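Visitor: These protein sequence lines map, in sequence, to chains Z and A.
Here the working numbering is used: position 134 in the first sequence is 167, and no number is missing along the way.
Here the working numbering is used: position 240 in the second sequence is 273, and no number is missing along the way.
By construction, these hints were calculated from the structure, which means they are not laboratory data.
A few of these clues could be false.
Note: identical chains are not told apart, hence a pair may lie in one copy or across any two.
Only pairs whose alpha carbons sit at most 20 Å apart, straight line, appear in this in silico SDA-like list of lysine to any residue [said to hold, decoys possible]:
| id | residue 1 | residue 2 |
| --- | --- | --- |
| 1 | K202 | A282 |
| 2 | K238 | R53 |
| 3 | K110 | L84 |
| 4 | K110 | V68 |
| 5 | K202 | Q224 |
| 6 | K202 | R46 |
| 7 | K202 | E263 |
| 8 | K202 | E159 |
These numbers come from a predicted model, not from an experiment.
2 protein chains.
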Amino acid sequence: MASERKATADPARSLALLWRTREPTSRSAGPALSVDRIVRVAIDIADAEGLDALTMRRVGEALGVGTMSVYTYVPGKAELVAVMIDTAYGEMPRPTVEGDWRTRLERIARDNLALYQRHPWMLRAETTRPVLGPHLMAKYDYELGAIVDIGLTDVEVDAVLTLVLGHVKSAARAASEVVDLERETGMTDGQWWQSHAPWLETFLKPGAYPTASRVGTAAGQQHGAAYGPEYAFEFGLQRVLDGISVVVAERAANR
Amino acid sequence: MASERKATADPARSLALLWRTREPTSRSAGPALSVDRIVRVAIDIADAEGLDALTMRRVGEALGVGTMSVYTYVPGKAELVAVMIDTAYGEMPRPTVEGDWRTRLERIARDNLALYQRHPWMLRAETTRPVLGPHLMAKYDYELGAIVDIGLTDVEVDAVLTLVLGHVKSAARAASEVVDLERETGMTDGQWWQSHAPWLETFLKPGAYPTASRVGTAAGQQHGAAYGPEYAFEFGLQRVLDGISVVVAERAANR
DNA sequence: CGGCGCGGTCGTACGGCGTACGGCCTCGTT
DNA sequence: AACGAGGCCGTACGCCGTACGACCGCGCCG
Chain Z
34 MASERKATAD PARSLALLWR TREPTSRSAG PALSVDRIVR VAIDIADAEG
84 LDALTMRRVG EALGVGTMSV YTYVPGKAEL VAVMIDTAYG EMPRPTVEGD
134 WRTRLERIAR DNLALYQRHP WMLRAETTRP VLGPHLMAKY DYELGAIVDI
184 GLTDVEVDAV LTLVLGHVKS AARAASEVVD LERETGMTDG QWWQSHAPWL
234 ETFLKPGAYP TASRVGTAAG QQHGAAYGPE YAFEFGLQRV LDGISVVVAE
284 RAANR
Chain A
34 MASERKATAD PARSLALLWR TREPTSRSAG PALSVDRIVR VAIDIADAEG
84 LDALTMRRVG EALGVGTMSV YTYVPGKAEL VAVMIDTAYG EMPRPTVEGD
134 WRTRLERIAR DNLALYQRHP WMLRAETTRP VLGPHLMAKY DYELGAIVDI
184 GLTDVEVDAV LTLVLGHVKS AARAASEVVD LERETGMTDG QWWQSHAPWL
234 ETFLKPGAYP TASRVGTAAG QQHGAAYGPE YAFEFGLQRV LDGISVVVAE
284 RAANR
């Protein structure tokens, strides 16, 4: 019987949570808790101490409430994280940007990078299931709006956005890993490499991997290690935008 | 005293593990276990059932050995995963590819995609710390070799590779999420959307987010949902390569 | 040849996690 | 005044990674 499912997959429950469908309680003194309050403290915890520190016990504690009380409002931790993600999307700016599509798209990339810098836990939050909340919807609509009219098909427009956001997420993740490493080891990225390099040389046959050594060293010392991720973000972003320009120009020529 | 560290950060131990520095035991009958055997079954488990199924108890069981015996060879789970990653890199092909740099780079992208398809757990394995094993080293050297001579600086060459590999990882992750979703829910991606769409429409004000609706629908039905990730990979890869071409051409012109 | 040390093995136990279950208390309604 | 439902939450279960220390058999040294 492969048709039986472990559940947790009830679309109605999960979506209703995301969209906050809940008739207000008729009680006079409203309940002490609410999805919003829970999500707010959960985001605060994750922002300050990372996803690992976000436990249900911790959330209850921060709310001055028993652990299990949280479950009155949220079906489980996965759903809580989903709401956290949608909420974070909701706080992004959606300005009307003057200028051409490249300016607009670049701005979108930077705004997304800023989001990940503010909420690094989003980079580690694994959600096998798409979130589909109201704020993600609004974000998607806004971002598409910046590039719908550049002469590509709808499918291509979607792919362009996916490409840019994917690059931002990659770069943000790389940057976040450096920060995590520094927090965990108490050394800067440069110090970490300095402490590992001697050992590495012990194992490496001299003269092996000359290209890797040269390029790695160059990349390492050019940007004083602190700016590596930023450079990768900028360089990659310009390359991606250049690449998009090529198709856009092609289409414009064939019109 | 902020200088005290929780350890787990001993470079010598971790690197020695990666590089398999270990004098062979003088005992007659060699030990039942070895790092290699452990890594092999661990990769098998992760390949077949995902990272969540990879527990130390499970590894011991698969080896017919007590859980704690594994710790004789491996300091902890994080280190085990690191060795698994380096081992996986080791099985990648490193052919000499005929053709121009674009052909070579495209090949590299596809080989990396294939790696992630064979070992989807690599996409979820969070290693805040770089792996620095011999096979990663060899891979890095090989991949750099494909593009060192295209007329860019060493720093740019590194950034190019980072960009391409980042795109591959993003696309692979998206594809893997679809697969996970199908395995978890027992529905195809299309069925999942069909089961959620009615609920979504309930919440959405009619006429809200017209762009998102149109583009999303177009993107969804064009590629019958099954080919979405593949399309995103291909489209993005060509855009990225186009973008790299632009800089390469610029440099060639200014020579 | 006898004893010892040591490397490999692993049973037990601890502290942490997510969360199922069922009881209790408080309130609005009848 | 009695009731029922909704919010709250203590306890407990089954997982996880892994610290600790005991056991055991082999190779070496006296």
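Visitor: State for each hint whether it applies.
Guide: Quick rundown of the hints versus the structure:
Taking the closest pair of Cα atoms, K202 and A282 never come within 20 Å of each other, the shortest separation being 26 Å inside a single copy and 28 Å across copies. In this homomeric assembly, K238 and R53 come within 20 Å of each other (Cα to Cα) only across copies, at 14 Å, whereas the closest approach inside a single copy is 61 Å. Within a single copy, K110 and L84 get their C-alpha atoms as close as 11 Å, and across copies as close as 19 Å, so both meet the 20 Å cut-off. Proximity of K110 and V68 under a CA criterion of 20 Å is satisfied intra-copy only: 13 Å inside one chain copy versus 35 Å between copies.
In the homo-oligomer, the alpha carbons of K202 and Q224 never lie at most 20 Å apart, since the shortest distance is 26 Å inside one protomer and 28 Å across protomers. Neither within a single protomer nor between protomers do K202 and R46 lie at most 20 Å apart by alpha-carbon distance, with minima of 29 Å and 32 Å respectively. Within a single copy, K202 and E263 get their C-alpha atoms as close as 12 Å, and across copies as close as 19 Å, so both meet the 20 Å cut-off. Taking the shortest Cα distances, K202 and E159 sit within 20 Å of each other both inside one copy (13 Å) and across copies (15 Å).
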